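Participant: Each chain sits in its own coordinate frame; assemble them with the hints.
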Amino acid sequence: MRENISLMLNGNIEQIPPINSAVTLMNWLRNNKNLTGTKEGCAEGDCGACTVVIGKYNHSLGRVTWSAVNSCILFLPMLDGCSIRTVEGLAYSEDELHPVQTAFIEKHASQCGFCTPGFVMSLYGAWCKKQKPEGSDIDNLFAGNLCRCTGYLPIKKAALQIGAIPEEERDTSYLNIEEEFVIQNLKNEPLSIDVKNEKRQFRFDAPKNIKMVGPILQEKDPLILSGATDIGLWVTKKHMEIGHFLYLGDVKELNFLNENQKAFEIGASVSHEVAMQKLGSHFEALLELWRRFGSEQVRASGTVVGNIANGSPIADISPAFIALGASLTISHLENKRVIPIQSFFISYGKQDLKKGEFIKSVYVPKLEKNQRFECFKISRRFDQDISAVMGAFLFSISEDGFIEKAQIAYGGMAAIPKEASNLSELLIGKELGNLPLDDCKKALKEDFQPITDVRASREYRNDVAFNLFVKACDKISGKPSSYLPGAVFENVSGNSVTKSQQNV
Amino acid sequence: MSKSIVNEDFHDSAKLHVTGRAIYVDDIPVPSSCLHILLGLSKIANGKIMEMELNDVKKMPGIIDVITAKDIPGKNDASPIFGDDPIFAENEVIYNGQVIFAIIAETLEHAKIAIKEAKIVYSETPPIITLAQARHKETLLCPPKIVSRGDFSSSIHHSDHIIEGEIVIGGQEHFYLEGQAALAVPKENKDIQIFVSSQHPSEIQHKVAAVLSLALNNVSVEVRRMGGAFGGKESQANLPACIVAIAAQKTGKPCKLVYDRDDDMRITGKRHDFISAYKVGFDANGVINALRIQHDMRCGMSMDLSAAIAERALMHSENSYYIPNVEFIANLYKTNTPSNTAFRGFGGPQGMLAMERVIDEIAHFLKLDPLTIRKRNFYLDNKNPMQKEQQTPYGQVVKDCIINDLVNKLEYSSNYLSRRKEIERFNKTSKLIKRGIALTPVKFGISFNKLMLNQAGALVNVYSDGSVYLNHGGTEMGQGLFTKVRKIVASTFGILSNNVKISATDTNKVPNTSATAASSGTDLNGMAAYLAAFQIKERMAAYLGHLYQCESSEVIFSRGKIIIFDEEKMTFSQAAEKCWMGRISLSSTGFYKTPDIYWDAEKGEGRPFYYFVYGAAVSEIVIDKLTGESRVVSVDILHDVGRSINPSIDRGQIEGGFVQGLGWLSMEELVYANDGTLMTHSPATYKIPAFSDSPINWNVEFYKGDGNIEETINRSKAVGEPPFMLAMSVFFAYSHALASLKESYPSLNSPATAEQLYFTQF
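Line by line, the protein sequences are chains A and B.
The working numbering numbers the first residue of the first sequence as 114 and each following residue consecutively.
The working numbering numbers the first residue of the second sequence as 1040 and each following residue consecutively.
These aren't lab readings, by the way, just hints derived from the structure by calculation.
Please note that the accuracy of each hint is not assured.
Stated by the list, open to error - With a cut-off of at most 20 Å between alpha-carbon atoms, the simulated EDC-like pairs for lysine to aspartate or glutamate come out as follows:
id, chain 1, residue 1, chain 2, residue 2
1, B, Lys1158, B, Glu1092
2, A, Lys270, B, Glu1092
3, A, Lys350, B, Asp1302
Stated by the list, open to error - Stretch by stretch, here's where chain A covers chain B in the computed footprint (C-beta under 8 Å, at least three residues):
id, stretch
4, 1107–1116
5, 1145–1155
6, 1280–1291
7, 1517–1524
8, 1724–1730
Treat the numbers as computed from the prediction; the structure is a model and nothing was measured.
Glycine is no exception: its CB is placed at the ideal position from the N, C-alpha and C atoms.
Bound-form chain B, shown alone (with noise of 0.2 Å):
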């Protein structure tokens, strides 16, 4: 049972992750010499430094240097677009938890006993920490962003009901259990080479080359791994390879950084809290004539990347349905805290939880079943070509929608109505315990919203003896990235998996590359990584078409075997060993972009999407009246991932997608003091799901259906994101099960602490 494991589908690192042999930065194995670097962080949110003492420092036992703004060859920023998050602070202070300075030291100890002896004089600011003080100031970071369709303001009025409200939705922390890390070694010629924890390598390359005054070509990143990412590594290790860069480039001698948790939570930017307003018109069955919602967003102290977190969630806040007058607003609030990032969904998630929410007042309103109300607002399915096109209120047709068709399914899988008159019988006579039971359905857009990104390379190397290399600009976060490509390119030579080596991601094999974000990991590179090994394959078989006298296309790579004319002529290996001797390139890269999308920034219309993903979920939950406590109990998932390269992969992304997106909805909070202190900087306080949160039961299902109808790899379809937002089904359980306990609607606000709970039923 024990011996040599070999299964296409465990994931590629499987092994090292069990026995402990998985590398991440932390653990690569460094020369003694190797110095590590501690962080002097800001203790107020929001003011100037007047007097600066770090000579003290300097002189503690095994400190070999202090670092500043005043050290940076180039440019003070590690930001990704904008220019405006500076590595260490000069003159001000911008946020509670800001790099200042930073120790160079023997050992981490040496620095932690050193840090107690900086001293910084600070004149402070009152801080701007919350969306309410934000809006008063009106600290806008840019004009606010709108997609609109119809007239709302006019239309509106042709409404049977109107209805108002708010929800507030709370950020959350990425808690990748592996903390931000990176390491740079000095080479020749003012060369360095970064080995970081990062979703963006090229972004790594540039930001280190601008910072060190170099170009390009004099900086290599290395990631083989991250111990998890969700968005907080995108750009996120910008800061502490940069800080490294600096370091290693003024000592001569490599440096790591690895943040401990409490200063990764402190520094680094979470998922954008939002306040979400509505205004909706809607007729006696419940169908949406006009929709309004804005969002204002707390992006923390700088752009990053909200501008494009706000396009995504205004693309995502009509979620499923087809509303024909609606206007999105989202306003981009700058405030003193870690500026806001990227995470699973980007935006997205908040826009539709806002949807939902719209839906599921519609409901209350009307005294109707909220899934009856979805239907009846749902985008039509795309199974007649002859049908009535739909677009998205940024004008992009939705050609694969099916919607209706999964959430009817699941509606019958789940027994999702039998269980919802069970649960109301159940709340009449129950006096402390309510349950509550939800359908929400998920829809969402796959591709970048900036064109550029859609784009990837990757690098495949046949060698005489029939084993390959692969390399590719996507990055391994656990995702399983690497293990799908490796199974397109063997796939593409009829050979096992384990023939087929995965290499680092690095700027050096494979340049320019984008972010592994957006869902789009496998999409981008494992197409590219099929091109690369497809035009070996080519040459391979044009020369053994030419050596056996018969077409290239007669040549079958089947089974790390050659077969011409039904008939075995020799193995994968021997194949490449003929090949090399009859002089032919084994070595290919492979290129892919995205095809027929576009986007009018302008008219803020076009096809920013490729296609998309579609899922819904059944929760049901049970809540204590005396403490708000709550349990999931069980929860139906329904989920399109097209025709899957990898199902345990793909089945795991939703499981943990999902439970990720009940942590974010039910016990993540971030608290910040007024002082802009963050509380919960250690899972102390900051709680994400532990064992026993997971629901007790699970149905988890692909949906069935013909695969992408797009032309991806495999036919199939992205699966990194969606599945987070399927969570949204157990915070309208928990609005089920309080409104069993008032008259009025339970306007509940996320996250559905218990506490949040309990007080909501009043």
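If we strip away everything but chain A, and leave its shape as in the complex, we get (with noise of 0.2 Å):
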């Protein structure tokens, strides 16, 4: 066992001796290293001005992966082994800017100069994955920095011109030393901090091995941690203190992706970013839904599986896992148990996992060939929001055109994600075609009574609730539809759209 924090720091390594609470990485780059270009906007991981980047090894992938992250809400810990890049250590020198820094300079792309190095780093990151940002990529690139000032069109015009260096003027090869690094550590004993104070205790138990989690589940009340995104909140909103975690981003076998003709596993530490590239190239309603889900920063950290076991009715991955049938392998000790993913959620803030349980994987089968699959989520902002309605569809069809099965569930309708049984049960036997509109609509209010809250009210989630089904029935018989988020609309506005485009 391991006391001390192992890790790389804009290229030098830090051994950083035992912490006593749960210091986010922000600040531990703000008050400790006295690297203040990472700021705090939000610090709940919605603005961006605190993102740095990060290089980390990825078992499912088998190499390091970069990322832009939101350094306020990770716990210091969380980044043992890593490789952290900050704003302060992009330029070669006083005088020699990264080519990411120029661009903004040359664009006219900060005013305030607040939200800047967020930004500066998110493109930093794209620079480290080879991405050569262009056309909407850019929008998914920025969706997790907001800046107050500049109304975003020169930030976009110095990605543009980062999208325009050629391949052979990218130097990305100082990589070479942080990725070694980080592979050298992945030799090392597991960290494992256990300070105690007058009052308090803290402990951080970050095992490699699965075999080492179920003991101290078993033994201990800790709680369990993947990507922070939601508890890094706990501690920076809440103001929790919480005295033992058990980080589970180490453990080798939870890191996995396994695909074969039926179905998709993914483990408990799979990042969105990860089960995004692998599972969207198979449903293509859900890769929508996952590049609004978050923010690029939000979808490297957050895992899939802890989206599903905070239980949050307004969680975006669960109605759309209830829809497709998924199940969830839930650990103890040796033992291990299969339930559907919906038996899950109980109650509000109540899930189906005792003491000594914890999420090993969730199983998505994949789509039979007369199967089809639409989700859609509604919310105040289209990117980087939380959803007021959350709608997933799946529907087998018969080669006639009628309803065989239908798994239809929701977000935001209820205090659970839970399914539309009423209506799933209706449909079954209808044309697709030729609904019956005015049942379903009953149906799907005896399935829910949403409430009023800050996202939406009861009436706008009824309504839209059901104009989602709509949308999804006519999208799938082929009949004209809309969608406004992303490049599809394109087409609709016709020569107005593209009058203009030289302009950007």
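Facilitator: Here it is, written out as structure tokens:
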């Protein structure tokens, strides 16, 4: 066991003695390292001013991956074995800036400058991933960075300038040293911090082997931590004192994403980013849902299983997976049990997970030939927003266009992500192109009694939940349908859209 | 490519921004003795504090002290004018989020743990939260403000048609990325130095002196830059500055306070929300004869700047239109919510939105293109000096009007007419997707409404090596003020901008300054700095003329050289050294006050504005009928910046202002619970435009004219606020799209969220 955190910061190796509370990476950078370029804008992963780039080993991909992440909601020990680069570490020298930085200056992409380091680091993340930002990629790249001054256009121009740099002029060779460091550190003993203060105790266990997970869970009552995109806020927003974390991010056996002819199986520490790439090619609708799930930063840190495990009624993955008929494998020491995902959600804040248990993986069956899947989310803002309503629709359709089976689920409509069982049942045997819409509406009303909250009114939720169903049916039956986010609607707006493309 | 970048136009701090080296208040290196402050906020909106037990907080580890109203040596007030903003609640609380106490701790982490030990018992009174409640209880903060001309009541009967209606206009959170922040450093002899993120260092100096019972010369205030402000740091920075000052004086140590996002949103005031009711009379052509608009404003729990905001709303309620008979009224309602405050446009946007709504509804009534109605009511352009003068309802002659020409040019360049026709064809056949387009104008008056504020000072030093030091009363919040003023000074001396050192705004260097607000930063400070530099240059020229036996007017400062009779005599550096050796003063202050403006508050008449800024925008949007979701597809802007000092910065103000306006009118919604809790207190629930909300296609052009007709610096025009209101075009494009879904007029309210758009179709 090892108590010192070992990481690389801007190319220098750091050995950090045991910390005694859940210090965030951002606060450590600002307060301990005096790297104040990393800014706090919200302390909840919504504004991106704290963005840094990290290199971390990904067992499911078998290599070091580079990602822009929100340092305000990552706990420092989670970075053990990683390489971190902050905005201060980009320039080659006082006078020689990184091309990403130069692009921001040349395109007038900073005004007050407070969000700028975060934007610079998001673009640097793309640089490390050898991406060439163009078109709507740029919207995605910066979905997690808010700017209140510029209106974003000059930032887009800066990104395009980077996208236009030819391959041979892109130097990423310096990443090799950092990747070597990350790989070397895989051999380290697992991190286990245990500091007793006068009144309090702080523990942080980061086992590397799945066999170590069960016993810790059995003996103690730690909080299971994966990406911290939600739990981070418990500390930064609710000011909760968490005495003991069990971090799953280093467990090799939980970082897997298997695919066979019938299904995908996603391990507990697989990030949204990785899952999105792999499942997105099979489930087209999921790709768009994932694109709008948080932001690059959130998807890089947050895990699919974590999104399910926290049981939020507005988690986007859960309704989609309920509709797809997913199941969870829950481990307890040597034992395991498999349950359908919907039965995991018991009531608000209560899930089917007993002491000593953890979700090992989620199993998602692939679509059969006669199956069609659609999902839509409604939020106040298209990108980086939590759903007001999210609807997921799976239909098994006979050759002559009749619904053989329907699995429909919603988020934001009840205290848990929930199946629309009345509606699903009603649809059996109905012709897709000729549905009794009034009956469907009634069935859906019986399924859900949503509430009014800050995201939407009850009435809007009711109406729109039904309209999303109509939208899904239209889309599946090939009728003209509407979907505004992304590139799809460019066809809609005719010549006026293309008119001034050259100006960007 | 990456080597040292020098460009006159780049933001002076751009390199610091992109390298993370730009210092904001929370980044200032402090000694390890520096203490950190966390605020205790009221959990109710209205009531009395019956018991307050803070001793348990004090006993917690790392806690130095807990301060309340009792610890204030001077006045318990952080208000800009009226003395009605307590720093700490005393006995009664008047809004949810009001500061009651402050914990002074070794670290913020200590304070966050300790704050849970605070015990406060309240006796609650039902709060007044909504405008409807305020109207019912008649909680007026002051008598109504009125701007009127002619006789509305009798003349409306001569109109062919009369329409009455109402529009609800939501408020807006500033959401500057850097939260309110202040740091106080105690000095010898009770002196205190404040570093603060504020648009108004002099006001901070005044408030801190009053709070600590000190003279103004005991307090120095420094502002290098803000991480955004938008009006939200005009008066709102007073409170954190006062608190750190009290704490620093009490503990004798540096004290720092940075609001986290949630506290910031709960404590600080926002853009006023309005309910604007209108009654308009017009003829068959849509020419308006008489108009009455009553704006009911939610001001929050105190006056703050609401009176001036109401006045500006009234003075912009006719926007670009000449209307013979008007009656504009503003009712300022007190509510148990944060005290609403300055925000880019300062009431102008709400006034103008109501006016544009009137036009839009007239057009719908007459089944005409709203642009036709707009054109028929515009003020006349001032091409012909013999032309009859037109006055605004408050008696100012509009002598710089270009709105007709500007709108005609934009209409042509944006292809407005054919696009509108094409869209209407499209909407006839498209069942679920509806499109809309609108062109709206902006006319915005430049100058502070309060005459006294239209003054500025600057300090310029030329050192003996020819390097120049510049200080002025304006503050940098990202708008590029420092970059512009630096260029003005540099070009006065004929040298490059990077030879002029910009320095933090400092009350010790330039005293008695006005807030950097009302878009006036460059007009005022640029001119003051120019006058300072000009005096030094005149002295240098006189001395050099004496040396070379020529007139001082024959000494030319150009490209870093001194040129006399077409001959380069020396560099500017050499000239500076020569002048120093010749005992010439190379330091000067400059002072400027805006000429020709006056205001008769009794009559509500005068010339409050030095000039007007004009602009217009065409926006095209698309709406999904099934969900109310929308996107801004295309935006064409033609805007008048006069003779631009820095086109890149001006363009940035236009684009950024537009998107901020777009957020206000579309997705940004403040939600208060019945008990006055702000439910949207973080970016998780309060959504400002994200990257993909920026219009897909942008055409931003400057109006090509002869520059400002008034003698502003470089004949430029102010650019901070006016572009914000260009976003009204988006709102009325929504209205256009919705009109294809129903017979009656779609009375859309703001913000036009998906839900709002969805329900307005029925």
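Participant: Okay, the stretch 1280–1291 of chain B and chain A, do three or more residues pass the C-beta test at under 8 Å?
Facilitator: violated (count 0)
Participant: Are A/Lys270 and B/Glu1092 close enough, with their CA atoms no more than 20 Å apart?
Facilitator: 55 Å, violated
Participant: Is the listed coverage of the stretch 1107–1116 of chain B by chain A valid when you require three or more residues with a beta carbon under 8 Å from a beta carbon of that chain?
Facilitator: violated (count 0)
Participant: Go check the stretch 1724–1730 of chain B versus chain A for me, would you? Three or more residues, Cβ under 8 Å, otherwise it fails.
Facilitator: holds (count 6)
Participant: With a C-beta cutoff of 8 Å, work out whether three or more residues of the stretch 1517–1524 of chain B approach chain A closely enough for the coverage to hold.
Facilitator: holds (count 3)
Participant: Would you mind confirming whether the straight-line C-alpha gap from B/Lys1158 to B/Glu1092 stays at or under 20 Å?
Facilitator: 5 Å, holds
Participant: Checking one constraint from the list: CA of A/Lys350 to CA of B/Asp1302, max 20 Å. Satisfied?
Facilitator: Roughly 11 Å between the alpha carbons, so the hint for A/Lys350 and B/Asp1302 holds.
Participant: Is the listed coverage of the stretch 1145–1155 of chain B by chain A valid when you require three or more residues with a beta carbon under 8 Å from a beta carbon of that chain?
Facilitator: holds (count 5)
Violated hints, listed in ascending order, are 2, 4 and 6; each of the other numbered hints is respected by the structure.
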